[in-house]
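Participant: Chain by chain, the residues run as shown.
Number of protein chains: 2
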Amino acid sequence: MTADVVVAGGGLIGLSLAWRAARRGLSVTVVDDAPGSGASRAAAGMLAPVSEAGYGEEALLRLCLASLDRYPAFLDELAADTGVRVPLRSAGTLVVGFDDDDMRVLADLQTFHVELGLEVHRLLGREARRREPSLSPRVRGGLHVAGDLSVDPRELHPALRAAAEGAGVRIVGSRVAGLLTDGGAARGLALDGGAELRAGTVVLALGPHSGALPGVPAVPVRPVKGQILRMRAAAGLLEGTVRALVRGRSVYLVPQGDDGLVVGATVEERGFDGTVTAGGVHDLLHDALDVVPGVSELELAETLARWRPGTPDNAPLLGPTSVPGLVLATGHHRNGVLLTPVTADAVADLLVTGELPEVAAPFTVDRFGAP
Amino acid sequence: MTADVVVAGGGLIGLSLAWRAARRGLSVTVVDDAPGSGASRAAAGMLAPVSEAGYGEEALLRLCLASLDRYPAFLDELAADTGVRVPLRSAGTLVVGFDDDDMRVLADLQTFHVELGLEVHRLLGREARRREPSLSPRVRGGLHVAGDLSVDPRELHPALRAAAEGAGVRIVGSRVAGLLTDGGAARGLALDGGAELRAGTVVLALGPHSGALPGVPAVPVRPVKGQILRMRAAAGLLEGTVRALVRGRSVYLVPQGDDGLVVGATVEERGFDGTVTAGGVHDLLHDALDVVPGVSELELAETLARWRPGTPDNAPLLGPTSVPGLVLATGHHRNGVLLTPVTADAVADLLVTGELPEVAAPFTVDRFGAP
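In the order they appear, the protein sequences are chains A and B. Position 51, counted from 1, in the first sequence is what our numbering calls 68; the numbers after and before it change by one each time, with no gaps. Position 341, counted from 1, in the second sequence is what our numbering calls 358; the numbers after and before it change by one each time, with no gaps.
No wet-lab data here; the hints were simulated from the structure.
Listing some non-contacts, in silico: residues in chain B with all C-beta distances to chain A over 12 Å:
1) G100
2) R187
3) I188
Not everything, but these chain A residues come out facing chain B in the computed CB check (under 7 Å):
4) V293
5) A295
6) H299
7) S313
8) L315
9) E316
10) L317
Even for Gly, the Cβ is constructed at its ideal location relative to N, Cα and C.
Only chain A is shown next, with the shape it has when bound in the complex:
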C-alpha cells in the first residue's frame, strides 16, 4: 500500500497537516500507536505569542502571530468539515506581578507589545482585580493582552482527527519503528511488527520523539519535561488566562470549558522521565495559590507530565532535510498548539508546491549547519 505522503505522528501537528494536505488532493496516511496521548494531552492551549517571558526571535514571533491570526478561520473550517465547533476563548491574557521587579518586567513587555502594534492595557492592582476578582490582593498590577486566545487541546485533537479522516486520511494505529530509505531518499516508514508503508514523502511529526527515529539523520529535538495540573469546579473563578511570575517561577492558569482550569507548567531537562513528582506538583500549587487564593477550594482532578519537543533555539523545525523526501514538522517546544494552523498550512504548501511559504522558511533544519 502506498500513499503520496505518510506522516509519522498523529498529534495536533501530524493530524492537522494531514488534513490540510488531503484537502488539497494528496493521499495521506498517519501512523501513531496512541494519537493524542503526547504533548497536547498536557498542553494548556494558550494562544499567546508574546506573553511568554522570553520574547524570542523576530522570525519566530512572526510565525506565532501568523498562526494566531489564522486560528479563528482554522476552527471555522474545522467546524465546516466536521460539524464540531471547538470553542475559542477570547478573554485575552492578564499578566500580573507582585513587586517592583515584576512591574519592570511588565513595563518592558508592554513596550514590546506596543512596538508590535498589539493591543495591550496596563492595569493597576485594583483594575486587574476588577477584571479578575479572584486575583490575590497582593497583586500590584497587570498587563492585559486583549488579542490572546486559548483553546482546549483535548477538544481540538479529536476534531482534527475527524477532519483528517473525513478528508480521506488513513490513520494506522502502529508504532513507527524507523524510516525506510532507498538510495539515500526517504521511501516510507517501517512499523512495529515488520509492516512497511511506502510513500513519496515522509513527514516526521513525532514531537519529542522526533530526535531518535532509526534511519533518520540526527534531528536536534530533545524532550523538555512539563508537569501540569487540571482542576475542576472552577466555574466563574477566572474569565481568561492569568500568568504570573512568582519568585522567578512562571505560572499560568488557563480556564477550560465550563468548570476546568489548567495550571502549568514545570520546565525540566530530565530526558523522557515522565514522573509526576511531589516537588513539581507542590510548586505549581504553591504558585497558583499565591496568584489566585481561591484555587485552594478546587478539585485537583488530574496531574500529568509530558515532554515538549525542544530545539537549540526553541523554534520549530519545518520543511525539507538533507534526505530527499523527508520533511520535518516538529520541535514546536512550548508553542505547539499555537503553531498548529501555520505549520499545517506551511507543510501542506510544501507537499503540494515544493516550496515552503516565506513565513516558515527560516525554520528549516539547515539553520543549524549541514548534518
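Keeping the supplied structure of chain A fixed, place chain B upon it in accordance with the hints.
Facilitator: Okay, now just chain B, sitting in the frame of chain A:
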C-alpha cells in the same frame, strides 16, 4: 436465610470481628457493596497510641495500648489462617520539631510516655538525622517512640477478608439499606433491591456512614474528612514513621512496602464531601517537604479523600445499644487500624458471651446519655 450475626460494613472493623466471631462458632454474614473502599483505603496504618498530638482520655489510651499489644499475635493468627503474612513495620515513630514551642511539646510528650512506662528516647537534631538521614537540617530535635508499629491497611484488608471467608463468613456485595426490627428489637438488615437478611444480632460497622442508617436510633458518628497522598520511589528514604508539627499543622510520613510512602492527613469538617482539593494537597506536600526535602523527587502516585468516623469524644462506640440485638462497632475516628484487633476481640466476646471485656466497657454509646 438467617445467620447468628449479620455485620453491616466490610471494612477492617467489620471483617475482623466477623472473622473472630466465626472462629468462635457463630454463623456470620457481612454486607458491603464495596468492601475495603472506605476509610482504610486512605489510612496510613500508624499503630501509635500516643504519638498523636492530643493525648486523649485514659480509657481510650488503655484501649489503644491493648490493641497495639495484641497486633503481632493478631497478624500471626491471620497468617496461620490464610497463609498471608501482613508485614508489621517496627522502626517506631520519630516525632520531630523545628522551634522552641515544638521542643516544649516534645518534652511534654516524653514525660507522658515515661509515665505510661513506654520506651522513648529524646534525640538532638543530629541524632534524629542519624536515625533518619533524610530529615531536614532545620529539625531541632526529636522523640523516638520505639514501640510504635505500622501496617499497610491495603494489605491488611484483603488478608482479613480471606480469613473471614476461610472461617465461613459469607460476604454479600450489596448496599445496606436499613435495619430490620421486630417489636423494637433488631432482626436483620434490609438490602438495596428489597432483599432481607435475618439474624439474631446485627453489628453496625459502617464507619462514617453509621450515623444515618434507616431504622437505627441516632448514633453520634459524623464524617471527618481526611486527604492523603501516596508516593512511590521512596525506597530508602525513611526507616520508620516520621511525625512533625509544621506551623501548627500536624503531618506524618509513613513508609509502606518496598518503595511507598503515605503522607497525611488533613482534618476537615465538611460532611461527606470527598473532593481532593488543591489546597489540601498543597498543604500536605508543603509540610512533608519541610520535614523531608527529598520527598520532592518522589512520584506522587495517588491522592485520595475519605472520612474518619468521628464521635463527640473521639473514642469509638462499642457494644450494645438501647435496641436489643443491635451492637455498635464504629466511631474509631483516627484509630481504626490501631483498634482493629481489640475491637474484633471485644465484639466477638460480646457476641459469644453477652459481655464486653473490661477494656472495652467504657465505650458503649450510653456514655452520651439515654437516646
